[in-house]
Amino acid sequence: PKIPKLLLGDPSKLSQVLLNLLGNAIKFTEEGKIVLKTKLKSINTGKASIDFQISDTGMGIPGDDLLHIFDAFKQAKQHTFSKYGGAGLGLSIVKQIVDRLGGSIDVQSELDKGTVFTMNLKYETGKEGKAPVPEKTDSQPTGVEDLNVLVFEDNPLNQWLIKKRLKGWGCNFFVTEHCETGLKILEKEEIDLVFMDLHMPVVDGYEITRRIRASENPNISSVPIIALTADFSVNDKEKATEDGIDDFILKPYTPEELLNKLIQHGLSDSDDKNITEISADAGPVQKREELSMSIDLTGMLEDCMGEVDMLEELLKLFKGNALEFIGKAKMHLKNQDYDQLQFAAHKLKSGLAMVQAANLLILIQQIQEHCKTDRNHDQMQYLYEQFIKEYPMVEFALDKEMTRLRKENK
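At position 49 of the sequence shown (counting the first as 1) the number is 903 in our numbering, and the numbers step up by one without a gap.
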């Protein structure tokens, strides 16, 4: 029998689990294939039992690790950290979600041959009918609807967040971390504004900006470019301005800051007359030096338009980035590759500020400073070990705060 067309359940949670499992499969499979299969296991009295199977031909999981695969911080051994940058450490979250949904999940794996995750969930079957007409809302138009925006950004968490905001404002957007892909988009589409992450691994934002400004097409060479960065000095600003950057946003930024730049640089003068100016007091901007371990995610929930599931997705991405840093930093310290260590620390910086993890943010800043100056290996090793020691406390605080928000927003 076929899976029923209509099922009653939580699509957000299902997406979260499948994206996590598929993301892990992609990161742990250098070559071969990854397959997602769904199968109707049984259907009785209006309830359908469905199996979701994700299989890959990747590196596999050692037998002793399988016993703890769904335990936090126990999914990957040191060699896995070094090779894959700490990917795959979100499986404890997957298990918790599946348990809350009343389902089950198990795993089979063989070293160097691959892994198979099988998840079973039960859904009530629905009946076809007319969908309810959504109620009209009185949300005020921002004026940036239908703007074509190109974003150069390599951090998955930042990509996800800026996509959500641009989509919410009605913008058409393109997001990439690759220079050539972005330049082709500029040639093909009529882009109104570019958001540019200055620090990317292959071709950085400075070089991409220079290439855009060197274009023979005046519509491309004159496009407004707004720099996005978590680490910016006076010298950086001068260099960026010389290369053709029009304006700057410091990460972590508020929705109001992003929207103001869209209005300021993305609209023509004629469009601008129809826009209500956004007040500088539209949202509280917390000073970075005031961040503390007393985590309050209320502001982030507002950024997520009050959707707890969206905030949960965002925190999942942050946790993945943090664990990726742990894996990569270990490898870079071992190889004494301080340029790559500085870059790995930089990628995590905006996320730490966003979740208000002040203690970890200070450690990251100190690691960056040593990478830039004395390159004191012993001191950086100590700071890294402190990060590993304190990170679980931050994750615990985040989970505790999420529990509070879930209760308040039922």
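Worth flagging that the hints you see were computed from the coordinates, not collected in a lab.
There's no promise every hint is true.
As the list claims (entries may be wrong) - In the SDA-like style, the derived pairs of lysine to any residue whose C-alpha atoms are separated by at most 20 Å in a straight line are: (1) K1170 <-> H1200; (2) K867 <-> D905; (3) K1170 <-> R1229; (4) K1170 <-> F924; (5) K867 <-> L965; (6) K1184 <-> D1150; (7) K1021 <-> E1166.
Stated by the list, open to error - Cβ pair distances, simulated, as ranges: (8) N1263 <-> E1044: 25 to 31 Å; (9) G917 <-> E1044: 52 to 58 Å; (10) G917 <-> V1056: 48 to 54 Å; (11) N898 <-> H1119: 20 to 26 Å; (12) E1034 <-> K893: 28 to 34 Å; (13) E978 <-> D1232: 29 to 35 Å.
On a predicted model such as this, the values are computed, not experimentally measured, just so you know.
No residue lacks a Cβ here, since even glycine has one placed at the ideal position from N, Cα and C.
Query - Hints breached by this structure - result: Result: hints 3, 5, 6, 8, 10, 11, 12 and 13 break, sorted rising.
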